[in-house]
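K.L.:
So you can see what is in the structure, the chains are spelled out below.
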Amino acid sequence: MSQIFHRSANTIARVSIFGAVFVIAGLLGLSDEINRSPWVTQARVAREQPIQFSHERHVAGNGLDCRYCHTSVEDSSFAGIPPTKTCMNCHSQIFSASPYLEPVRESFRSDRAIQWTRVHDLPDFVYFNHSIHVNKGVGCTTCHGQVDRMPLMWQEKSLQMEWCLDCHRNPERYVRPRSAVFSVDYAPPANQLELGAKLVADYHIQRLTSCSTCHR
Amino acid sequence: MKPVWRTLDELAGDPAFLDRLHNEFPSEVEAITDPVARRTFLKLMGASMALAGVTACTRQPAEKIVPFVRQPEDLVPGKPMFYSTAMTLGGVATGLLVESHEGRPTKIEGNTLHPGSLGASDVFAQAAVLGLYDPDRSQTLTNVGEIRPWSAFLGTIRAALTAQQPLQGAGLRILTESVSSPTLAAQIRDLLVRFPAARWHQWDPAGRANTRAGARLAFGEYVEVQYRFDRADVILSLDADFLASGPGALRYARDFSARRRPENADRMNRLYALESMPAATGAKADHRLPIRPSEVAAVARAIAAAAGVRAAAGAAAASPAHQKWIAAVAKDLLAHRGSSLVVAGDDLPAPVHALAHAINEALGNVGRTVVYTAPVEAEPVDQIQSLRDLTAEMAAGKVDTLLIVGGNPVYTAPADIALAAALGQVPLRVHLSLYDDETSALCHWQIPEAHFLEAWSDARGYDGTVSIVQPLIAPLYNGRSAHELLAALSDRPERSGYDILREFWSRGGVQAASDPARLKAATNAAVRPAAPAAGASRSTAVSSPAAAPPITPAFESTWRRWLHDGVMPGTALAAKSVSVRAAALEPGPAPSGGGLEIVFRNDPAVLDGRFANNGWLQELPKPITRLTWDNAVIVSPATAARLRLGTDPAASGGEHGQVVSAVVELRYRGRTVRGTVFPVPGHPDECATVHLGYGRSRAGQLGTGAGFNAGAIRTSDAMGFGSGLELVATGDSYSLACTQYHHLMEGRGMIRAVTRDEFVRDPKLVHEGFEAPPRTLTMYPDVKYEGYKWGMAIDVNSCIGCNACVVGCQAENNIPVIGKDQVLRGREMHWIRVDSYYRGPADNPETYFQPVPCMQCENAPCEVVCPVGATAHSDEGLNDMVYNRCVGTRYCSNNCPYKVRRFNFLLYQDWNTPSFKLQRNPDVSVRSRGVMEKCTYCVQRINAVKIDTEKQDRRATDGEIKTACQQVCPADAIVFGDLNDPDSRVAKLQAEVRNYALLAELNTRPRTTYLAAVRNVNPELES
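If you're matching them up, the sequences are chains A and B in order. Per this note's numbering, the very first residue in the first sequence carries number 1; after that it's consecutive. Per this note's numbering, the very first residue in the second sequence carries number 10001; after that it's consecutive.
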């Protein structure tokens, strides 16, 4: 009885079995790459907002402190989005007739809130608390990037769990003195690891990597 | 030690039942052994596996952030606020502290400053927040089914009042529940001043008609009885469930359990209980005597005679079976003159209450363990008579306008009072209520009532302390409070509840609050400074600016203090001296025999039916019976056997939660109703207990149709119990969802109990026969827990099995309601359950309660079997559950020896009803289908306190973190804290000799441990 398969079938089988390993590895690598890409994480993608509010203008231009608007950042899990009243504190005087700010005035008149698009959106099973990070010497710009150079807000980091854990495992690489937490100009010194280790000791910073630290 | 058992079948050792125990998931056993079903199962599994990954491929939708336009000053988004308020039940308030997240009340706690709470709360308070968001609440004001505006109602009622003016209100009737609100009472009295011929009737099925009548019989006037369990050494309960129901129960449970610590053996109290339907108090009793309620009077009389009550001497002797018991109890009571206490149950007739008062007086307990004060209720009346009178007048056509303010009298009225028929004779009927219920259906106007979390009011606690009821949220459905409805009948119909309340208290209410007599006098004068002749000055009063209350700065600060504290200082009622009239102790007619005896009780979960549509309460395994979603005809095992009625838990194919039981027809005084028989150990023989509050026809999605209406055979002359019941088998059977059969632990030593004398002699006796393996017996390296090391100690000796922890946990941790069908499959989701155990003979066993949350094992069997690392140990020893990682293999649950893990077999959470979204705790993930969940020691609370203390650079102090179950516990049975702190309460408790771990022999090293029960038995009665 003659052979059903040609002799080359052996080679084809070997190559395809061997090749399949690379194809699968490649696919896994690709899905991993996609998963980390801005297409999924939305990192560095500026969001459209109902009012094209510029952090660059208000922070770098006018020198506003983060806490003027984000009032609860030191006390609460949520940093706080300013009520319309906060906008009107200044804008009832400055640019009070600008058509650009009409939605703000409209909100103030009608008592209807401005609906901002959320930029930093953690999954609902993650319980992040701003106040403890700020109190332990994690600067605003460490996670949020150079907000003073963002005309429209975007999310600087991936906000993926590996990114959280990087700091939770090695806080000394990122912490800064409490006095500099709200500084947008702060640049980590050359001896960051040395300073970081000291701050970790001084501020009693723990390496919290238990699941329930963030997931409840 | 005697063996401990959980169900009658276990005690009997039925082989079919024992066989069933070995199936973890009995409902699926057939599917696994049947080859065809198995193949289908594998096919489905394969398809599910293939698709499982795809479900994760969702991108988060874009979310909006909606800030305030003008942010309220004190509100910090992300931080909860707490407001004090009070919940009224049967006219008596319990002080509460309610957690609010951005304006949404989410969780209720007891108010530590309130004498009736001391920080604890009961199942009804815990579940009230779900009641607030119940989508079945009445949402619109209707007139015979048509939606109408409030102004239309105002027009109608004003016209009716105008018509009543010449008649002095002769056709005007108001029917309320028990009222302790000084403001509401003042409003009603004000109305009665203007309409002198109008009448105020009261009917409250949750009230205490017999207690009230008993005090009147004994003393010739209405007085309030308060007990001081902290001073009582020997307590006799005459079918009273003082630990778990009625006013002051939370306080009584706290005081009682504080005197039960065997470490202070000399201070340990002793409780004797005569009891019909087994309840918490009988379970905690050192000596319990099952007795039909009709026999209690004879026993009480015999004890009274022995205790030296002269008028009771020479009474008909109690049954010889009880003689030994009576002699021993009387001796013990006499040995503790001034520190003993006799408590009569709310369902016993007035003469028994009079006897209890007489015994307390003879023993010198008055002023020590029993305190009499003026009544807490504003206007105590004989409510049955009040309802009877109203019905008679209505039937006679004498009533033109009837206002039913709260309550559901058409459903709750006794069967022989034909309220529903008489209502038809009233031309204008108005019903203010939370639900469009049976009464609303027979009324012209249905006005949605504001929930107590939505309205301003005030009320008195069990000792008279006044609390302001403060709303947490604006009425969701434009509901009105009773104050606002009454205001509609007054000169100023559009006043808000807030204004009414402030006006009352700013005008002399403050000084008068502590003195009810002055209050009564003051209210008439205060609210209507110059009471004009009826009908004369409506227009002047409305337009007069002088009517506005003078709010002084001093009042403003006092008012704020009241709101903050939740109590008005100094408003507790003063003790009153009264003495028992000898005439009150005349022996009544001997109970007429014949047939079985029937006992009517409010249901421990839905009460008189008012909570019938509350899923948390419906699904709550009721104390002792552990039934959910149903009531039953509860009989003793012996009676069930005699009547050849009974349950067959194995008949259903072995499902854990299903008890198939015989349906019987209850024939009683010419009325019949069908119910399901359920034998309960410890129930007296020849007697059946039925719980009210079921069989509702218009309760809402959950309450309608559940159970049977026992009220349909209750008559007004025998509200608590009566004889002449006939149980007739129908041949039908019915499935009851009973969680007592879930999670059986195969007879291992779960409960350890000794007597006080044994404990004093040899405290180590509790560990006899149990062995814990040495710490070295493990393959895993020993973990050192730096920082915090969380642990919990649960005192089995204190636990009264009230279930408050179960509902508290459900509210705190967003635990879903699954429905009867799923409970029948053994899938209930409660993270903490209260197991009950029995020891001794089935006719009168000792009963023990054991709350079981996750043990947070150090060597956790669940962790090692999880294939995806969804359950892992934290640095502080918590057994973390990561919902977002869980793929639902259920291996962890299989491997958990304590059976504390719960699986979302279906999408149990209601993700669609908008109002339920408001209720959820934002600090806890809402779990979806296919996810395992379990107790986390309220890790959200731990983390919240840890974040706060870290910011202050300090450690959390002992007691700063309270788990939800600990916080609600009235008996102080659950203590949580840091085991690394040797001074913490939990560390001290775990160091006590009584401390034992559940299933310690498995070397799981649970962080939750138990303290053994110690009973203070009377050696004379120990057989």
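Check the hints yourself; a few may be wrong.
Straight-line Cα separation of at most 27 Å, DSSO-like style, residue types lysine-lysine; simulated pairs [what the hints assert, rightly or not]:
#1 B/10899 to B/10079
#2 B/10764 to B/10962
#3 B/10784 to A/198
#4 B/10951 to A/136
#5 B/10079 to B/10951
#6 A/198 to B/10962
#7 A/157 to B/10784
#8 A/198 to A/136
#9 B/10917 to B/10064
#10 A/136 to B/10820
#11 B/10917 to B/10784
#12 A/85 to B/10079
#13 B/10917 to B/10820
#14 B/10917 to A/136
#15 A/136 to B/10764
#16 A/157 to B/10951
#17 B/10079 to B/10962
#18 B/10043 to B/10064
#19 B/10899 to B/10951
#20 B/10064 to A/85
#21 A/157 to A/136
#22 B/10784 to B/10988
#23 B/10784 to B/10951
These aren't lab readings, by the way, just hints derived from the structure by calculation. Note that the structure is a prediction, hence the values are computed from the model and not measured.
K.L.:
Against this structure, judge whether each hint is valid.
P.N.:
Outcome of the hint check:
At most 27 Å may separate the alpha-carbon atoms for a hinted pair to count; residue 10899 of chain B and residue 10079 of chain B exceed this at roughly 34 Å. For the hint pairing residue 10764 of chain B with residue 10962 of chain B, the CA-to-CA distance comes to about 30 Å; that exceeds 27 Å, so the pair is violated. A C-alpha spacing of about 25 Å is found between residue 10784 of chain B and residue 198 of chain A, which places the hinted pair at or below 27 Å, so the restraint holds. Restraint check for residue 10951 of chain B and residue 136 of chain A: satisfied, since their Cα atoms lie roughly 8 Å apart, inside the 27 Å limit.
In summary, the hint linking residue 10079 of chain B to residue 10951 of chain B is supported, as the alpha carbons are separated by about 15 Å, within the 27 Å threshold. About 34 Å separates the Cα atoms of residue 198 of chain A and residue 10962 of chain B, which puts this hinted pair outside 27 Å; it is violated. Of the pairs offered as hints, the one joining residue 157 of chain A and residue 10784 of chain B is violated, with about 35 Å between alpha carbons and a cut-off of 27 Å exceeded. Among the hinted pairs, residue 198 of chain A with residue 136 of chain A is consistent with the structure: their alpha-carbon atoms are about 12 Å apart, no more than 27 Å.
For the hint pairing residue 10917 of chain B with residue 10064 of chain B, the CA-to-CA distance comes to about 17 Å; that is within 27 Å, so the pair holds. Note on residue 136 of chain A and residue 10820 of chain B: the hinted pairing is violated, with a Cα-Cα distance of about 49 Å set against a maximum of 27 Å. With a C-alpha separation of about 41 Å, the suggested pairing of residue 10917 of chain B with residue 10784 of chain B is violated against the 27 Å cut-off. Of the pairs offered as hints, the one joining residue 85 of chain A and residue 10079 of chain B holds, with about 21 Å between alpha carbons and a cut-off of 27 Å not exceeded.
Under the criterion of a C-alpha separation no larger than 27 Å, the hint pairing residue 10917 of chain B with residue 10820 of chain B is consistent with the structure, at around 22 Å. With a CA separation close to 33 Å, the supplied pair residue 10917 of chain B and residue 136 of chain A exceeds the 27 Å bound. Distance restraint check for residue 136 of chain A and residue 10764 of chain B: the Cα-Cα separation of roughly 48 Å exceeds the 27 Å cut-off, and the hinted pair is therefore not satisfied. The straight-line distance between the Cα atoms of residue 157 of chain A and residue 10951 of chain B is roughly 26 Å, inside the 27 Å bound, and the hint therefore holds.
Under the criterion of a C-alpha separation no larger than 27 Å, the hint pairing residue 10079 of chain B with residue 10962 of chain B is consistent with the structure, at around 17 Å. Of the pairs offered as hints, the one joining residue 10043 of chain B and residue 10064 of chain B is violated, with about 42 Å between alpha carbons and a cut-off of 27 Å exceeded. Our distance criterion of 27 Å between C-alpha atoms is broken by residue 10899 of chain B and residue 10951 of chain B, whose separation comes to about 38 Å. In summary, the hint linking residue 10064 of chain B to residue 85 of chain A is supported, as the alpha carbons are separated by about 19 Å, within the 27 Å threshold.
At most 27 Å may separate the alpha-carbon atoms for a hinted pair to count; residue 157 of chain A and residue 136 of chain A meet this at roughly 20 Å. The suggested pairing of residue 10784 of chain B with residue 10988 of chain B holds, with an alpha-carbon distance near 20 Å, which does not exceed 27 Å. Taking the CA atoms of residue 10784 of chain B and residue 10951 of chain B, the gap is near 25 Å; set against the 27 Å cutoff, the hint holds.
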